[in-house]
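Q: What follows is each chain in one-letter form.
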Amino acid sequence: MEGEKVGRYLLRRICMMIPVLLVLSLLIFLMIETIPGDPAEIILGDHATPEALARLRTEMGLDRPWFVRYGAFLGRVVRGDLGESLISGAPVLDEIKAKLAATMELSVFALAVAVVVGVFVGFLSAWKQNSLFDYLSTVGALLGVSMPIYWLGFLMIIFFSLHLGWLPTSGRTTATLSLIPVTGFYGIDALLAGDWHAFRDVLAHLVMPSLCLATVPMATIARMTRSSMLEALNQDYVRTAKAKGVSTGKIISVHAFKNASIPIITVLGLQFGTLMGGAILTESVFSWPGVGTWILQGIMARDYAVISGGTLVVSALFILVNLGVDILYAFLDPRIRY
Amino acid sequence: MTFSGRGALWGDAWRRFRRNRNALAGLFIIAVLVFMAIFAPLLAPQDPVRGELRERDFPPFWWSGAVKPGSAEGKAEKRVEAVLGPDEEAGQLGTFEISFDDDEEAEVRVPKHYYLFGTDDLGRDLFSRVVYGARLSLVIGFISVGIALLAGMVLGLVSGFWSGWIDELIMRGMDILLSIPYVLLAILIVAILGPSLVNAMIAIGIVSVPGFARITRGSVLSLKQSEYVQASRVLGAGDLHIITRHILRNSLSPLIVQTSLSFASAILSAAALGFLGLGAQPPTPEWGAMLADGRTLLLVSPWAVIFPGMAITLSVIGFNLLGDGLRDALDVRMKD
Numbered sequence: 001m002e003g004e005k006v007g008r009y010l011l012r013r014i015c016m017m018i019p020v021l022l023v024l025s026l027l028i029f030l031m032i033e034t035i036p037g038d039p040a041e042i043i044l045g046d047h048a049t050p051e052a053l054a055r056l057r058t059e060m061g062l063d064r065p066w067f068v069r070y071g072a073f074l075g076r077v078v079r080g081d082l083g084e085s086l087i088s089g090a091p092v093l094d095e096i097k098a099k100l101a102a103t104m105e106l107s108v109f110a111l112a113v114a115v116v117v118g119v120f121v122g123f124l125s126a127w128k129q130n131s132l133f134d135y136l137s138t139v140g141a142l143l144g145v146s147m148p149i150y151w152l153g154f155l156m157i158i159f160f161s162l163h164l165g166w167l168p169t170s171g172r173t174t175a176t177l178s179l180i181p182v183t184g185f186y187g188i189d190a191l192l193a194g195d196w197h198a199f200r201d202v203l204a205h206l207v208m209p210s211l212c213l214a215t216v217p218m219a220t221i222a223r224m225t226r227s228s229m230l231e232a233l234n235q236d237y238v239r240t241a242k243a244k245g246v247s248t249g250k251i252i253s254v255h256a257f258k259n260a261s262i263p264i265i266t267v268l269g270l271q272f273g274t275l276m277g278g279a280i281l282t283e284s285v286f287s288w289p290g291v292g293t294w295i296l297q298g299i300m301a302r303d304y305a306v307i308s309g310g311t312l313v314v315s316a317l318f319i320l321v322n323l324g325v326d327i328l329y330a331f332l333d334p335r336i337r338y
Numbered sequence: 339m340t341f342s343g344r345g346a347l348w349g350d351a352w353r354r355f356r357r358n359r360n361a362l363a364g365l366f367i368i369a370v371l372v373f374m375a376i377f378a379p380l381l382a383p384q385d386p387v388r389g390e391l392r393e394r395d396f397p398p399f400w401w402s403g404a405v406k407p408g409s410a411e412g413k414a415e416k417r418v419e420a421v422l423g424p425d426e427e428a429g430q431l432g433t434f435e436i437s438f439d440d441d442e443e444a445e446v447r448v449p450k451h452y453y454l455f456g457t458d459d460l461g462r463d464l465f466s467r468v469v470y471g472a473r474l475s476l477v478i479g480f481i482s483v484g485i486a487l488l489a490g491m492v493l494g495l496v497s498g499f500w501s502g503w504i505d506e507l508i509m510r511g512m513d514i515l516l517s518i519p520y521v522l523l524a525i526l527i528v529a530i531l532g533p534s535l536v537n538a539m540i541a542i543g544i545v546s547v548p549g550f551a552r553i554t555r556g557s558v559l560s561l562k563q564s565e566y567v568q569a570s571r572v573l574g575a576g577d578l579h580i581i582t583r584h585i586l587r588n589s590l591s592p593l594i595v596q597t598s599l600s601f602a603s604a605i606l607s608a609a610a611l612g613f614l615g616l617g618a619q620p621p622t623p624e625w626g627a628m629l630a631d632g633r634t635l636l637l638v639s640p641w642a643v644i645f646p647g648m649a650i651t652l653s654v655i656g657f658n659l660l661g662d663g664l665r666d667a668l669d670v671r672m673k674d
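Sequences listed follow chains A and B, in order.
So for the first sequence, our numbering puts the first residue at 1; every next one is plus one.
So for the second sequence, our numbering puts the first residue at 339; every next one is plus one.
All the pointers check out, no bait thrown in.
Partner residues aside, some chain B positions facing chain A, computed with beta carbon under 8 Å:
1) Pro519
2) Val521
3) Ala602
4) Pro640
5) Gly647
Label-pair distances were calculated between CB atoms; the ranges are:
6) Thr183(A) / Pro621(B): 41 to 47 Å
7) Leu578(B) / Met300(A): 46 to 52 Å
8) Met300(A) / Ala363(B): 35 to 41 Å
9) Thr49(A) / Arg388(B): 46 to 52 Å
10) Arg357(B) / Tyr237(A): 31 to 37 Å
11) Val492(B) / Arg8(A): 30 to 36 Å
12) Leu93(A) / Arg357(B): 56 to 62 Å
13) Ala204(A) / Ala363(B): 35 to 41 Å
14) Leu578(B) / Ile265(A): 40 to 46 Å
15) Met17(A) / Arg388(B): 50 to 56 Å
16) Arg587(B) / Leu164(A): 56 to 62 Å
17) Leu164(A) / Pro621(B): 31 to 37 Å
Note that these hints are calculated values from the structure, not bench results.
Heads up, the beta-carbon is just placed ideally off N, CA and C, and yes, glycines get one too.
Next comes chain A alone, as it looks inside the complex (with noise of 0.2 Å):
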């Protein structure tokens, strides 16, 4: 009984992504067609006949109409083919796939940072409330969640890598290392190739971008935890528990956080959309050769084909961890109802 509930809940969140997906490639064949300009007069060149321009627009299916080339649309993309970059030339698929790496290693070590300080920061605000330390990270995460990341990137910048000069300023490595990628992950090929030298330097670079990656999510973390414990510690079996006696550090791990860690996980779930939107503003600002990057060359270059093969392969993903973060919490949560 419980499982086919489970079951039908799950397939109906399955199901809601195909209209979520459709209306996003509706969305982005939009953005292609108001490109100013035939495509097959760009394709040509200015001294095309007539005849030439009739024919290669009915070979490319310009004739038709638009439901038809999107529905042609719709077919290419789900055989994977994303189209070319007009910038490179090389298969959209292809370079998303490269860049993609860069991204989630920047993601991931953000995430990190932001999980562990977010929730030890919450944590000790809510066990020592209105104390001095309980002001400043309030403060901390008003300023973290108000502050533009870009900006606190360029402050970073200016103090560690120009002022005091500790720290990289941009990219993921230096230009002189060589470094054979296996996984993509600079991190991981570095440990791989045991190359010590590489992995410090790796490190070096991945600092501050993902410091200014995780700002947000940090912030959140810690308001989120710090209020749910503030919650949990409130409840009546945690007075009970320490009525009967039991040590402070057991109260705290077994009864208040483990109770209080339903929102964090849900919080933490939301945040990978904030991630994905900062990524772009802080690969940006830290020259980080990520996806966020690549998409915004595209949309200055117009490079059609980039713009919306990221797009798509991002919300894509986006979707995806939702969907994975939903599933975690029903499984999490007893009391959830499908």
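Given chain A, put chain B in place with the hints provided.
A: This is chain B only, laid out in the frame that chain A set:
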């Protein structure tokens, strides 16, 4: 009786709000922002768009090592020190620099005015630009939040009041909007419409619609069941009367809170789009675009980045504090 009752509600809220120091701080920041926006032409000492190239890259007058306007002596040494730092290398390279001493224009640059925030690489006064930027940020906030509030309220009312298939259709549409990352969706819309300030506002407005729609729908659903709405219906009131008289008025509080918080995120997003080159275009004195202008000169003139960013941060803090304060004062329990 209804009138005094409503007055008491807002009076209570105001009393709670006044006791909240954070909320008052937020209100103060916003007041300063509005003041700057209204009196920008009087407050700005220079033209925000046109600059003099000879005045480029001057630090704020209070910056350490800044050259004061009107002074002309002893600048050569100071300038060399400022450029090279008091290292051992300075000695060697210093002589090289000083040999250009005859060229007074290139060597000793003295600003014409006291610049509070310094000047950028085109010689524009950054303080004037930041002041004018307040205007843009408020306009961006008003228009994009206005779009979101109007569209969201109508959609939320329709879907909450009439339910059924139309509710399903609208709310699934909102889910779709929410399932694309916020910044990415805004970028996509701007890429379709073309990069400009107006299109950025439209994009931010569209992206913010789901929040308002959900909140309105939620309060409509709960108010629909309330006794006074039922009573009004029994007395023969029509849908329109119920919506305008009872439902809209009583769902104001959460909408006010959401408006303030959306202002904060609209300012932040508009600045982000401007920074990425997708919003306000140069030479518009928009804070995000100013950050993009200043990024190439982090080493030479960090002030070109520091002050616009500070302006963004302070305004966003202002609206966030106000929103949180209003939430407490109006006693709104919000989801998310």
